[in-house]
Structures are given as C-alpha cells and as structure tokens.
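A.B. asks: Here is what each chain is made of, one letter per residue.
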Amino acid sequence: MLKDQIIAIEKAAKDAFEGATDPKGLYDLKVKYLGKQGDFSLLMREFGKLPPAEKPAMGQSINEAKNRLEEVYARVEKKLKHAETSAAIEKERLDLTLPGPERAAGARHPIAMVINEITQILARVGFSVRHGPMIETDRNNFTALNIPEDHPSRDLQDTFYIDDKHVLRTQTSPIQIRTLEIEKPPFRIIAPGAVFRCDSDISHSPNFYQIEGMLVDHKVSMADLRGTLLYFVQEFMGKDTKTRFRPSFFPFTEPSAEVDCSCPICKGKGCRMCKQSGWIEIGGSGLVNPKVLAHCGLDPEEWQGFAFGFGVERMAIIKYAIDDIRNFSENDLRFLRQF
Amino acid sequence: MKISLKWLNDYVDIAEFLTEPARLARALIDAGLEVEAIENQAENFKNVVTGHIIELGRHPNADKLTLCQVDTGEGRPRQIVCGAKNHKQGDKVVVALPGAVLPGNFAIQLSKIRDVESQGMLCSETELGLKTESEGIVILPKETKVGQAFAQFSGRDDVFFEVNVTPNRADCLSHLGLAREISCLLDRKLKVPTTELKAGTKKNLIDVKLHDRDLCTRYTGRSIFGIKVAASPDWLRDRLTSVGVNSINNIVDVTNFVMLEFGQPLHAFDADALKGHYLSIEKAKAKEKFKSFDGTEFELKGDELTIRDKERAVALAGVVGGLNSGVTDATTNIFLEVAHFSPKGVRRTSRKLGVETDSSLRFSRGTDPEALLTVVDRAMGLIQQLAGGEVSKDYVDLNPAPIERQAIKVKVAHVGERLGYPVESAEFVAWMKRLHCKTKVTHEKASPSKGTVAKESGDVVTVEAPSYRVDIENEIDLIEEFARLNGYDKIPESFPQVVSRPLDHAATYVHEERIANLISQEGYFEARNYNFVNPKWQNEIYETEKFNKLGLSAGGVAVPILNPLSEDTSVMRQTLLCGLLTNVLHNYNRGETAGRLFETGFVFGKATQEAGASYIEPHRFALVCWGAKADLWSKGQAPAVFEIKSTIQTLARRLRGKLDFRAMTANEVPAIAHPGQVASLFYEGKTIGFIGALHPALRDEFKIRTDVAIGEVDLTALMRGQPRVPKTQPISKFQSVERDFALVMPTSLAVGEVVREIEKSGAPLLQSVHVFDVFKGGNFTEGQQSVAFRVILQDQAATLSDAQVQAATQKILAALEKKFSIKPR
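So the protein lines, in turn, are chains E and W. Count the first sequence with the numbering used here and you get residues 1079 to 1417, in order. Count the second sequence with the numbering used here and you get residues 500 to 1324, in order.
Quick caveat, the hints were computed from the structure, so don't treat them as lab data. Backbone N, C-alpha and C define an ideal beta-carbon position, used for all residues, glycine too. One or more hints might be untrue.
Below, computed lysine-lysine pairings styled on BS3-like, alpha-carbon distance capped at 27 Å [as the list claims (entries may be wrong)]: (1) E:1169 with E:1157; (2) E:1169 with W:1134; (3) W:989 with E:1345; (4) E:1369 with W:1045; (5) E:1169 with E:1114; (6) E:1127 with E:1159; (7) W:690 with W:937; (8) W:944 with W:1045; (9) E:1353 with W:944; (10) W:910 with E:1297; (11) E:1369 with W:939; (12) E:1297 with W:944; (13) E:1110 with E:1169; (14) E:1369 with W:1157; (15) E:1089 with E:1156; (16) E:1156 with E:1110; (17) W:989 with E:1317; (18) W:937 with E:1369; (19) W:939 with E:1347; (20) W:1157 with E:1243; (21) E:1369 with W:545; (22) E:1353 with W:937; (23) E:1297 with W:800.
Stretch by stretch, here's where chain E covers chain W in the computed footprint (C-beta under 8 Å, at least three residues) [stated by the list, open to error]: (24) 690 to 699; (25) 915 to 929; (26) 1047 to 1058.
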C-alpha cells in the first residue's frame, strides 16, 4: 500500500520535475514533493504507522526514491539553469564592432617627439639638457661664437633684432657659451630650442628648432665626434645607417664638417628624399674652435671639445615623411592626430 | 658663384672632366667647396647636328615651303620641310633631329607638314636660343664637317659649376683661385695668366694720396692714354655672358674679366673726369650726396671710405664707382685702381647703404694684398690689346705698412690628436707644400720646466701660408687644411671615453616634459606656435594688470622686434593663448567641431629694475578645449570649461599639490573670458593662472557655434618643489562610513567654498567629500539651489560608532550653518 504510494509520488514528482520550464518552478515543485510539508513528508506519517519489522525495508525504499528524485532535480535544474544562462547571453549580446566610449587621446607635437628621442639617445651616453633664453645678447649669439661684427650671418636680413644689444637667437649655440662660462668641464650637453631667422618661404620658417650637442674634455678628436654621431644616427635612423663627413665652415668649430647619413628611406639606393644621392644632409659639426674656448676663459691647450647641431624639423621630415614645413606651426588637428 | 670649366681649363688642365664633371665636383665637395649644381651647356643642344642640303625642292602641297634632303652623317639623308628662304642646295646647316629639345621647351619630333613627312628641323639662331631675333636659318661655312654635334662644333659645350664658397675661402671667389685649389687637390700644374704689355714713356697721370691707412691698406694703379672704347671681342663677351655678367664695353669688360679671373676687384676711372687729376682716399663727408654709376643716389653718413678727386667723391671704396667718373664712349685716358680695402670697412658701407656688388662681396671676404701689381698689369695688358693706348711708365703703389704674416708653428702630434688617427710629419708637410706654404720641420725636445712650448717631444712644422689664404691664422686652421685635403673619410669612428659624471637635465626641460606628457595623456594635442605674434591680436587677449593679478605677468608692454617680417610676427608673445585661439579658429573652420590643444612654452617681457637680465622669459602652459564629442555613449557631458578644470585638477593630483579654483570678481576677469564661467587657480598660497569659457562676444566674432574653454597657468609656479615623492600611509583596517546630505543654498554661493568648509570642519575623520547633485527649479525659488554632498568618514584606529558619525556630521552642518547660514533640505 505504502509502497504503491511511494511509487506513485515518485513518478508524479519525476514527471513534474522534468516538465518544469524554469528553475523557479522547479524549485517550487521540489518544495511540493520533497519539502518539509511536501508529499514525502506526509508519507512519513504513514510510515510511522508501519509495524517495526517493515520499517527498515520501507525506509530504504523511501530514501532511495528521494535520492533518485534529488538526482532528477539536479539534472533538470542544471539543464534549466543552462537554458536560462543561454537566454541571458543572447539577450546581453553586444556588437563589439561598435565604437567604445571615446577616451580623448592626445599626443605630443612631432617637434617635441624628435627632441625627446634625440635627448633620450644622447642622455644614455651622458649628455644633459641645457636651455637658454630666446632673447639673447648679441655677444652670446655672435661675438663669443667667433662671428665678428662684419660676418655675413649678422646681416639685417638674417637676424631679428630686439635692441642694439639683443637679438632673437639665430642658433642654439649661445647655450654652448652659457654652459662654457658657468659650468666646470668636463661635461657633455644637448641644447634643444626654438631659433629665429628673418627668412620665410616654402622651405624656411622664421621660427624653427635646432638641437645641438657639445662635449668638452681634456682630449677630444674628430674621431670621437664621428663615433658619437654614428651612434646617434644608428639609434635614430636604424642600425644599418652610415655617416659621411664633408669639410665645411662654421665660425665656432674648426675643423668643421657637414654630416650626411645614408638615406634611411631607400637605404642608400637613391630616392626622392635623398634626391637620388643615397645620402641625406642632417647637420653641422666640428671641434670647438679654440677661440671660442679662450673667449669663455678655458685654456685651449688644456680643454678641447666637439659640437654638433641638427635642424629638428629636418629630422622630423626624414623620420615622419612630412612634406610641408607649414605643418609644424599650423597645429592642424588632421596633422597632429597622426602622431 | 658660377664657374666655367673651359675657363678653368686655361689655368689648370681639367679637360677630361668636361665629359665627367661630376667627378671633379665630388673632388671639390670632398675638399669643402660645395658644388651646388652642374649645368651642362651641351644638354641644350642634344640631337642638334651639322648637316648638308644635298637636294632642295618645292613642297608638293605648299608654295612657300621647301623640301630638303639633308645629309646629317647618318648614312641616309633625311627629308626635312623648311619654311625659310635663305638656303640653297649645297648649304651647310644646323639640323635639330627628333628628340632635340630647343629653348622654350620646343621638342622636335617626326611630323607631317601638309601631308609630307619632315624628319627634323633646320634651325635659325633664334630657335637655337643664340639671339633674340634672326632672319632665316643658320648657314654654316662651306668647309663644315657634316654630322658633328652642334654643341662641340660651335664651342657651346662648356660645363658650369655653381659653387657655394664658404665665407672663409675668399681665395676661391675666382677662376684662378679655384684652379689653384684644383691644382693642389689633383697635383697638377697651375698656369698663372699674364699679358704682354708695352709701357710707354708718359708718367702716371693721377696723383694719389692715401689718408686712411686703416680702411685702405694698399692702393695701386696705373694710367693708360689714348684708348678707344668699343664693344668687346666675341671671346670676352662670351666668357662674361656665359657666367652671367653683362658685356658693357672693352674697358669695363676687362675689369670684370680680371676680377672673375683673379678675385681682385678693379675700377677704371675716366682719368680726365678726375678734377685736378687727383685722388684722395679718405672718409666721406656727412650728408654728402653720391650717385653710383647706375644713377642710384645715396646720402652718406661720413664714416664710409671714399675715393675723391679735388671736389667730390668719385667712388665708394670697394663698393661701387661714381657716375661722375666712370668710363664712357668718349673716354680716352684711364686710371685703373687696384687696391686692398679692409673687409670691415667695405662690409659696413655695403650693408648700411644696402648695396652688394661683386666687388664688395670679394673685399668683405678678404683679398690678397700681394697680388695687386700682377692684377694691374694683367688688366693693363688686356686693355692695351683690345683698346690700344699707351701705358704709363710708372705705377701708383701706396703701401705704407705692408701686412706681415706670422709663421705658424704646428706640432705634428696635435694633428693626430685632433683628428684621431696617426699623422706623420712627412704627410703633413707634403700637403702644406701642395698648398704653396713654406715649411720648415724642427724637432722639439720635452722641456722639464712648465709653461714653455714643448710639453712632449716631437716634430714641429713652421708654416708660412701664401698671402691669398687670409683665413689661415693659427695651428688649428692648418690642422683643418690637412684634414680636408687628406680626406675626411680617413677619420675613424671611435667613441669618446666617458670620464665625466652626467649632469642633471635643466629643470625647465624636465618640468615642461612632465606637464606636456600629463596633459597629452588627458587627451590634448600639443601645439607649437611662433614666439612672435600680431600686437593687435595680443592686445585683445592680454591685459597687463589683470594677467599680473592672475600670476601671469609678462612685463608691461610686449617686446617688439625691430625688423619684423610682417605685423603678424612683430612682437614677442605675452600669453600662449594668442597662438592657441588662432589654432582653434583654424581647426574649427576646417570642420573640427570639437578638439583639445595645449602648448607649453615661454612668454616674453622687459625685466624690471633687477640687475642682470634685460628681458624675462616666464614659463607657461595653456589649454583650449572646444565643442562636445559626438560619442555613441556619452550623454550629458560637462561644459568645456569643466573639461579643462578636471584636466588641471588631475595634473595637480599627479603632482601631489593642493590646487583650488576660486571665483573671481567682475573687475578681475580678463576681457576674453566669460564673466560667468571663470575661475582663478590658487596653488599653495599663490594665484598661478585661470580657466574660463571664451567670452560669448568673442565666440560670436569668430563665428564659432560651440563651447570654447581656455586656461593658462604659470608652469614654474605649478612645478614648485617637484619632484614630490609619494609618502604612503597604511591602509586603514576599519571600514569607512558614507553620509549624504543635501543643502539648500543661494546660487551665488560658490560650492567650492562650501566644500572647503566641509573639509575644514570634518577633520580629522573626513577622508573625502564629493558633490554628486546640483538641483535648481522645482520648488526652489530663483536664486536657490539644492546641492547634494557625500562625505566619507574613517578612523585609522577603530571602527566608527554611530554616535561618532552622527557627531562628525553634526559638526560639519553646524559649521556650514554658522558660516553660510545654509541648512539641510
């Protein structure tokens, strides 16, 4: 009798469980059949009335039925939960090809990027940045750099004058003078900054940037200069870059050399950037003219130095394939966003 | 300077380079003489050859055209249609073959003229670019060989170098000078030109007095009588025109020719125009008028060196000759001046008067004082050859204090040390000799006593440089000469030994980098504007008093540039906003409806009394932000000015500094800023800048239909005490407690003030305070608003009890009521 009831309830419960459509409904069914007030609990009242000899076998039947139902429950629950998660996944599906919220992304100016890259390369071998004023004395910008009063670069058409003793610096080299006069050698410095020339056309800006380096020590040679520049261009342009020196003239260095490097774009084969020559002119250099050292109170017999300078725009043009120098000062977002 | 290779070939044998000019150019470049361009004259006559008309007939379809069979040496005659009338059968002519490109970019190709094929063109002088006008085609002499390239046949196969001579190499500003350089480089013989000259019996006509020995070191000259001024012969005219100098007459042309030959300027006076047959070399008189040969009038200041006769200035020494005494067609007697003027004086006169001539260029670079008489005779000889006349038997040669050149001692060891590779005495001496230097080698022994010449023993070469090398003054000059001649490619690439300890970077660099990197990470693009601006534009933006009070002082008035390129770049900037606002406009007008830019840099002002500097260059940064981003996810964005505010706040937080934004009174607000959307920046006891929206009137003026916000800050003040190293605190083990309250307050009360008071009264338990809602309207009357705050309280040592939290909150509310008379809602 009781046994039939057990079988009936178990079947009803199993059918009910398996027919459940959501975890909540399933749980309610579990309460209905297996809960404290559930069908099996009610059955236990009948169980109490059984003669003791039948109890163990019947108890075992009940427990086995309950265990089987628990298993069914677990199986069905797992299935339903899985279905529910799948439904949720479907509902929460997002098109990740849509854009994310725009975090404004800014960038440094290419001039700053070039200055920083050069600085970082040279800082690794002990060069430190020095700055100087842009309104500079005539003496620091010219005389002390061995550019006497009747030198062509002092002509009115090249230099912006502020008053009879001050100019807008035409080069970063007055920073050499300031360093030579203030700091004790040996030292190695790099001086980046804006410089000014009274000149404006398609390839000249009146306000442009230079970066120059100077090393002062007891024994300094052209070979040291070449070695340093080779290290620099190979870091900046690529390890396979070569350098070439051409004799030139700058009042503040002697011997002086123009520095060429093998064209990083065509690797020396000849292209538009290098005008088919395979070489690109990148700057000027030389040994610090003993007259400059003497002018700054250093004994040229004891101290020597080398110096080199590059046009920052030129470096940026080579590195980033920029085609128009106006880009550097217009601050057009369509240009700046490319960095 | 334009150099003719054929001309050079007169002085040094370079014939083989006419076909391979690039090789010679390379040799010059490697020695420091930059060849900027190579012009091959023969290129203009490519596919132009000599020909022979073997048959001449009528064109079948045109009466006015002839049909010629022309032998061009190709084995088979060419049929050519020709419209000229001056040719006949048997004539030798100039033929442009298909592929030729004649002047005016006139390309010759196979063509049909009135249905008859024409395989070339018979050329006229005009078509060949030889003359501007000509009649008929060129008929060449009977004996002309057929099939020759016209360039070679006519001698128009010269090659020209455009040489950029560096300012130190005055000696290379001439054909002979360059030939001398080449003779040294290639070790070839130099042929110095001379002309035979028959001196007469007459005495020199002009009496010369040298009164200014400072500006004129040596003055030489000679007279020639009874010459005939005429046109120059072809060779002379061609030489001059080929290098871009106009032919005038035989006398002037000789002076120009000899100048281009020797690099020494000369001047021919009409001797009879010189009053009193007298010349004096002395300074001009103040306010004196002078008319140069081309009729330009100058007023002289009095410090220019002049050549004067008894009455007036007849030339500006070394710069330009006078109209009153130049050679004319009627001139018969000439006084030729060849002088050595000081570079300084010539340069000054030339610069002050704005006259640059071939003569002033050469004098101001430095000429050879010892070549003067050679040059006089070369020119006199040529004049006599071309214009006849009797040369005076004597010269003028005033040389009161001949320039003496010091011998230079070069320690051979120094050469190797400076260049970085070993150099032997013999190598060094060999190159010096090729430079025509006199040398003497001695051996110096180390001297034990300090201060004497030799610290180490070694060879010393005593060098006497030739007089035209005015640039060689000391040891390093000669080391450079050796280096360039021996080849810069011999310099090895070694790396300097690092013996010195690296120094710190300049603080300005470090600070600017830190700020610029932080701001760009906040979504701003870095701008770089010119340091000079338009004064009118700047005056709209920069107001001295107001910017001073905002901690953005840049002197009183803007520093002007004496010689600006234009008004737009005529004064130094006092604020970075000039450039940035221009950039906003530039970008907005190109469709950038939203954007963020910043700039770091310097502004400029006159210094106040403080000793030392005359000008100040304060360090600043500025930001602009305009428009709203059109983002799929962003709704209810903050106004642009709050974008700038949060950027600066983030900056201050990263710098571990304490920054407040303070309300401003109406009269403190700069005119460019929106008076209702502006705040000053208060940083650790000092006002260091401001932020604000652009004034609506200006926005309208720019036709910008969106929000624009600006801000400028003193970079140095913000970076005070940097870098600040973080000092961490232990993390409290006890839970923090949040409490929210809303306060009803007048809109005129700055919420920032309330926040500051909450921070003050909430200490020490208060960890942070946030504003999370501002509500206006509804039940609130105009001028009232509800502001909701969330405070976070925490104790480092214990869990807060309800009573403690209650007490702390009450303390805050009480303080607010006392200070601002505001209460919770």
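A.B. asks: Are the hints correct? Go through all of them and say.
C.D. replies: How the hints compare with the structure:
1. E:1169 with E:1157: holds (18 Å)
2. E:1169 with W:1134: holds (24 Å)
3. W:989 with E:1345: It holds: about 23 Å lies between the C-alpha atoms, which stays within 27 Å.
4. E:1369 with W:1045: violated (48 Å)
5. E:1169 with E:1114: violated (37 Å)
6. E:1127 with E:1159: With a Cα-Cα distance of about 40 Å, the restraint between residue 1127 of chain E and residue 1159 of chain E is violated, given a limit of 27 Å.
7. W:690 with W:937: holds (20 Å)
8. W:944 with W:1045: violated (73 Å)
9. E:1353 with W:944: Violated, at about 53 Å.
10. W:910 with E:1297: This hinted pair holds, its Cα atoms lying about 15 Å apart.
11. E:1369 with W:939: Answer holds: residue 1369 of chain E to residue 939 of chain W is near 25 Å, not above 27 Å.
12. E:1297 with W:944: holds (21 Å)
13. E:1110 with E:1169: violated (32 Å)
14. E:1369 with W:1157: violated (51 Å)
15. E:1089 with E:1156: Holds, at roughly 20 Å.
16. E:1156 with E:1110: Satisfied, since the Cα-Cα distance of roughly 19 Å is no more than 27 Å.
17. W:989 with E:1317: holds (22 Å)
18. W:937 with E:1369: holds (25 Å)
19. W:939 with E:1347: violated (47 Å)
20. W:1157 with E:1243: Violated - the C-alpha atoms of residue 1243 of chain E and residue 1157 of chain W are around 42 Å apart, more than 27 Å.
21. E:1369 with W:545: Violated - the C-alpha atoms of residue 545 of chain W and residue 1369 of chain E are around 53 Å apart, more than 27 Å.
22. E:1353 with W:937: violated (42 Å)
23. E:1297 with W:800: violated (50 Å)
24. 690 to 699: violated (count 0)
25. 915 to 929: Answer holds; 5 residues pass the 8 Å Cβ test.
26. 1047 to 1058: violated (count 1)
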